[in-house]
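From first to last, the protein sequence lines are chains A and B. For the first sequence, the working numbering gives the first residue as 1, with consecutive numbering after it. For the second sequence, the working numbering gives the first residue as 1, with consecutive numbering after it.
Treat the hints as calculated values from the structure; they're not laboratory data. Positions of the beta carbon are idealized from the N, C-alpha and C atoms, including for glycine. All clues given are correct.
Covered, in the sense of this in silico footprint (three residues per stretch, anywhere, with C-beta under 8 Å from a C-beta of chain B), are these stretches of chain A:
#1 2-14
#2 85-95
#3 112-126
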Amino acid sequence: MKQFTILDKGVPREAVVSDSGDRITLTPDALSRALGWELKPQGLCKDGACYPVPASGDLLVDGAVDLATFATLVGRPLALDLQCATAALGTAAASRADSMESLIAPDFTLPDLDGRMHTLSEHLGKKVFLVAHASW
Amino acid sequence: MWQQLYEELADDGFVIITVALDRAAEDARPYIEEAKPTHPSLIDTEHVVAELYSMVNIPTAVWIDEQGRIVRPNEPVFASDMFKDFHAMDTDIHKNELRAWVREGTLPYSGDEVRARLMLPTHDEQLARTEFTLAWHLHQAGHEDAAERHFVRAGELSPDDFTVRRGSMPVRGIDPMGEKFFELYEDWQARGRPYYRGRSRKEALE
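All chains, full assembly: derive it from the sequences and hints.
Structure, rendered in structure tokens:
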């Protein structure tokens, strides 16, 4: 058993996991506390959506959830560093495509140089020219 | 920078928001302070906006209307002709179209054209962004060797994403204006300069 950090869309969540080789598993309880997914009779569920547990048996190992199989099941990209006990779960390409094709500008909140926070949706009612730039 | 155009257009119904995809506020501070923007000028060290809008290089701009809808997706834009040798674009065209939109409400594309111009991300590009997030977190935690592995992996997965390949250079102690950048630039040119030219759902996901 060891402490693991899982970055859920960039937000760090802590979980106790088991590792054997390159396989990381966590108990349904740890998964629920870290990422909000519940293991129910109908499958892995979050926000009313459920993914049936695949018949292959890869998802559950001695009652614990395999992180890589979980990521594949819910369609999320997974980056993993076993040495540093850290993983990242990103946004699925299909989810991003849905969001982009809706043409609804995704909202965000970011700081300015003085640390003051700004939110895109504060400017609803105005035309917005959003420019990304960088020093590099 | 965009302050000059913002002042020229001075319109209560229009705002420019700039987002710096820099690893630290301190990297962005000199050029933002020099520009003295009166519009929101934000810092995005974790590339949140790059992921949300599927940006793969800078500078790039998105037009968002009064209802919060994207009416012009990512396109390279330049405030000045400073880098014209590299991009060979007429910087006035986009600015004139922007003036027409703000003053007269004229849009260059229909809704269908906007959708056709979207560059939808592939699975590998989203995995690259995930590797980048992990690398950035490991870098901040002081795990430089591990961070480097994941920065490299991110670049391999998404070779045309400059926000990943070039945007990670300052963090990794690589000069983003130096030899590595020219290698990247030539690599990208050799692959036909792929860049926001529209990628459908079928092309992106299948």
